[in-house]
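S.K.: Chains as they are written, first to last, in the numbering used here: chain A, 2 to 270; chain B, 113 to 527; chain C, 164 to 462.
Source of the hints: derived by calculation from the structure; they are not laboratory data. Treat the hints with caution; some may be incorrect.
[Claimed, not checked] Once the Cα atoms are required to be at most 27 Å apart in a straight line, the calculated DSSO-like pairs of lysine-lysine come out as:
(1) B:K334 / C:K229
(2) A:K60 / B:K276
(3) B:K276 / B:K467
(4) B:K334 / C:K209
(5) C:K229 / B:K303
(6) C:K209 / B:K425
(7) A:K60 / B:K177
(8) B:K177 / B:K425
(9) B:K443 / B:K237
(10) B:K430 / A:K60
(11) A:K47 / B:K395
(12) B:K377 / C:K310
(13) B:K428 / A:K128
(14) A:K60 / B:K395
(15) A:K128 / B:K430
(16) B:K393 / A:K55
[Unchecked claim] Cβ pair distances, simulated, as ranges:
(17) A:N96 / C:I256: 30 to 40 Å
(18) C:E225 / A:L51: 56 to 66 Å
(19) B:P397 / C:I197: 51 to 61 Å
Cβ coordinates follow ideal geometry from the N, Cα and C atoms, glycine included.
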Amino acid sequence: MQKMLRFLFYIVVVGYAGITLGPFIWSIITSLKPTSELNTFAVNIKHLTLDNYKMIITKFPFLRWFINSAIVAAIVTFGNMLFNSMAGYALARINSPGRNLLFLIVLALMMIPGQVVMVPTYILLSKLGWVNTYMGLTIPFLTSNFGIFLMRQFFLTIPRELEEAATIDGMSRFGIFFKIVLPLAKPALATQFIFMFTGNWNSFLWPSLLTSTSDMYTLPVGLNSFYGQYYQFWNQVMAGAILLTLPTIVIFLIFQRYFVRGIATTGLK
Amino acid sequence: MGKKFLSILVLIFFVLATVLAGCSPSKTSESKTETQETVKPVTIKLGMWSSSPAEMKIVEDQIAKFKEKYPNINVQIETIVGDYMQQLQTQLAANTAPDIFYLDSMPAPQLMSSGVLEPLDEYIKKYNVDVNDFEPALLSAFQWEGKTYGLPKDYNTLALFYNKDMFKEAGINEPPKTWEELKDAAKKLTKDGVKGLVLSIDLARFNAFIHQNGGSVYKGGKPTLNLPENAQALDFYVGFITKDKVADTPQNMGEGWNGDAFAAKKAAMAIEGGWMIPFLKEKAPDLNYGIAELPAGKQKATMVFTVAYVMNKNSKHKDEAFKLIEFLTGKEGQQFVVEAGLALPSRKSMGAKFKEKYPERAALVDGASYAVPWQFGLDGPKIVDAANKACEALIMGQITNAQQALDNAQKEVGQ
Amino acid sequence: MGTKMAMRKRYLYEALTGYAFMLPFIASISIFLIGPLIYAFIISFKEFSFLNPGASRWIGFENYIKLFSDPTFKRALLNTTLYSLGVVPTQLIIALILALIVNSDIKGKTFFRVAYYIPTVTSTVAVSVIFLYLFKADGLVNALLAKFGIQGPTWFYDVRFALPSIMMMAIWSSVGNYMVIFLAGLQDIPSELYEAAEVDGANKFQRFFKITLPMLRPIVFFNLVMSLIGTFQVFDQAYVVSRGTGGPLDATMTVVLYIYRTGFRDFNMGYASAMAFVLFVIILILTLIQRRLFKEETY
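For reference, chain A alone in the conformation it holds in the complex (with noise of 0.2 Å):
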């Protein structure tokens, strides 16, 4: 009987992987078919081909869209880490008067669709004139509401008995966060690593709207150029949308590793 239910409990699980990865195999397997055999949806594995690939890296300045990008997404991630984690911190434990309205400031600046936002924004991003250059792409985007709810939500988990044991040794505030707080959350910062670098790198309509040559596009904009003139050959969007993503996988494969328990407690006792 036990037996039974752990072998229908793999059955559900390995099936439900089936459901999710489906998908990405299929456009794993597209990006390698030649385009005279795209309408079909049978696979001949003698003719898979690396030419969409090759054509994606040669015809277009693909290092230089991955280079931005890479830029852009550093600068972002690096920010976010750490200014979220700090506000997050202060939300969740520092009793400044009114921290109650900024978190829910907080919530509230996320409950307002982007889309009539964004046009005053631009006006304002241009007339500090960082349109087409990295301080647009980058400096508006450092901190980020969900980061920091995120990171509030996290400390609040923390148990609180090893800050106030810091506090009596006469700790300060910036101590207690660098040398304690922040060691405590790696699944946190984990987490919001892994957000806030995918976030950015997919992120398509800001760097659209900021870029206007395609020596500053990022990953996302240039693919979506490239999309707009072969849309139908599949094969070829497909291989872009690959090494789009690649990164952000690797990046979750690296950062999940994090999630292992026990760390928290070790002071506990």
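Position chains B and C against the provided structure of chain A, taking the given hints into account.
M.R.: For chains B and C alone, coordinates are given in the frame of chain A:
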């Protein structure tokens, strides 16, 4: 991930900061060299949507030729990636829009009426541009309150694409010329899971039928969705699907659009434009098809879709920008359009050349003389929405009376 | 007296530290968000187009009044509410179950974590192509249904099935994100609690309801609020599947899709802003209710 991680991130940050500082263009040195020349070269930005490689090539070739003629005018292409009107509207509001840009006929009234475009009449006079050579239906789409705001770059009309093999098999020798013949043909062609006709729920298609029946959805500056002629035409259009069952929508056939259904040989006839030609060449190279003028109702009518080059009111180099527009829409520029054969050249004189080069595509050119532009004033998008909903409701059987469906639509537009 | 002074000093110091921690965030939103937001709020009382701001006209509450008699807006609000009601609980329950699975000691844990996460980073183009392919009139799903003698609908193009189809697609592609957050949250629960419960003889289910869920409360609140905001602002899926029309017959018209069409296609930004603020108030009220229910408090 604690300290070590943070210090690595800090390091990356500083490295990137220095890289960034190095990357930013040093504008000062460039401007010095510029002043040494007697004639300052100016740069005109040309805004367009991202399009097929073939269309990109036309623009690039045109610009190369333009450069030969005007060495002091640089042209920089700015491809607007993403939603064109959304981005353009944002850029216009912030005054960062290109000097000249593509504009489709449908949203043109909004832009023309709001004063973001430069009227071209003065320049047309100054540079003696022969505007009478443009197909009148095309030019009129870019005129507003007596002023001309854009010169059409090319266009496409609707025609009847028909599968020659299926016609032969059904014993039909000629493409249908009237509504009755169309219905007969569709009936004969419907068999073995193949429909005679594929029809989409789209005003951009059935408006041709409305005009063939003497109707119109927009007249004298007002929506006129519920004219009895319109209802008759819509009833005829929808009847193919609901009453005679000799046609269907591409979605019900499991396809994305008319072109797919026609290419997949699920329908013998489709009403589409010149964009079908490169599509079919790619998707169904063996398909034996012909292009005929749309069958006539009370009169001949078809739709024309056109795009013009317009000028930003805030352009700093208006004379140069106009020279570029003039060249792109002039005979020299249009020659490239003829060569490529993707869309039709907007000048009558060049249309004749196109017919010579592509005799089998004559139907597309011939339609221009009696075509209705895809434009319904300031409320255009709303009229399209309401009309499409009416058609959808009829096809899905939520309403059975076309007149009633259009009455509702007229009410929705608010007139 | 001295201790009171010291207390006040400490209190002041604590307050200032808090603001220092929040400074980057406060600076960022005051520069980049608050201004544009006030601007958007003002134009919601105007007849306004960004193409011609000079010709805008103050019309007071007219935009807001018009909303309540606009059938498309009402339909969009209904669709959005149904969408949210369907998606929020489903995706959170699936996400929590998946998180528990990939947090347990099953074999190939890393593989399953990646597999379940992948939909969130799979290209939307690929996702919509696949879904449209599977669910087209003569697609795989309908072929399968036909084997059981069921005539399948046209799913995305059927008035009754279009919205549920989009909901399905949305759940499929977003569950991974919520799973990751739950997964991270599970790490912060001290294992001593479980050990103690085991000693007391609590079974798996008791442990889940007595320990896991209560300890996870802040994270559940987070996911619930984010899921609510996300579903009430649904745009992408509806836009892609209906090609921006919200069809068939407004079956997939959502509030944000309508805002987008009003603002950027009909050039009526004033009306679009009014809709945005009505949506804002709705989401805010729902969030405040949740906060009350969760007894969300700061410590």
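S.K.: Work down the list of hints and note, for each, if the structure agrees.
M.R.: Evaluation of the provided hints:
1. Of the pairs offered as hints, the one joining K334 of chain B and K229 of chain C holds, with about 21 Å between alpha carbons and a cut-off of 27 Å not exceeded.
2. For the suggested pair K60 of chain A and K276 of chain B, the alpha carbons sit about 39 Å apart, so the restraint of at most 27 Å is broken.
3. Our distance criterion of 27 Å between C-alpha atoms is met by K276 of chain B and K467 of chain B, whose separation comes to about 21 Å.
4. Taken as a hint, the K334 of chain B and K209 of chain C pair is honoured in the structure, with Cα atoms around 24 Å apart against an allowance of 27 Å.
5. At most 27 Å may separate the alpha-carbon atoms for a hinted pair to count; K229 of chain C and K303 of chain B exceed this at roughly 51 Å.
6. In summary, the hint linking K209 of chain C to K425 of chain B is supported, as the alpha carbons are separated by about 24 Å, within the 27 Å threshold.
7. Of the pairs offered as hints, the one joining K60 of chain A and K177 of chain B holds, with about 23 Å between alpha carbons and a cut-off of 27 Å not exceeded.
8. Distance restraint check for K177 of chain B and K425 of chain B: the Cα-Cα separation of roughly 26 Å lies within the 27 Å cut-off, and the hinted pair is therefore satisfied.
9. Proposed proximity of K443 of chain B and K237 of chain B is supported: the alpha carbons are some 17 Å apart, at most 27 Å.
10. For the hint linking K430 of chain B to K60 of chain A, the alpha-carbon distance of about 34 Å lies beyond 27 Å, and the restraint is violated.
11. Distance check on the hinted pair: K47 of chain A and K395 of chain B sit about 23 Å apart at the alpha-carbon level, within 27 Å; holds.
12. For the hint pairing K377 of chain B with K310 of chain C, the CA-to-CA distance comes to about 25 Å; that is within 27 Å, so the pair holds.
13. The suggested pairing of K428 of chain B with K128 of chain A holds, with an alpha-carbon distance near 17 Å, which does not exceed 27 Å.
14. Straight-line distance between C-alpha atoms of K60 of chain A and K395 of chain B comes to about 23 Å, which keeps the hinted pair within the 27 Å bound.
15. Taking the CA atoms of K128 of chain A and K430 of chain B, the gap is near 23 Å; set against the 27 Å cutoff, the hint holds.
16. In summary, the hint linking K393 of chain B to K55 of chain A is supported, as the alpha carbons are separated by about 25 Å, within the 27 Å threshold.
17. Distance hint check: the CB atoms of N96 of chain A and I256 of chain C are about 35 Å apart, consistent with the given range 30 to 40 Å.
18. A beta carbon spacing of about 60 Å between E225 of chain C and L51 of chain A agrees with the range 56 to 66 Å that was offered as a hint.
19. With their beta carbons about 58 Å apart, P397 of chain B and I197 of chain C fall inside the hinted range of 51 to 61 Å.
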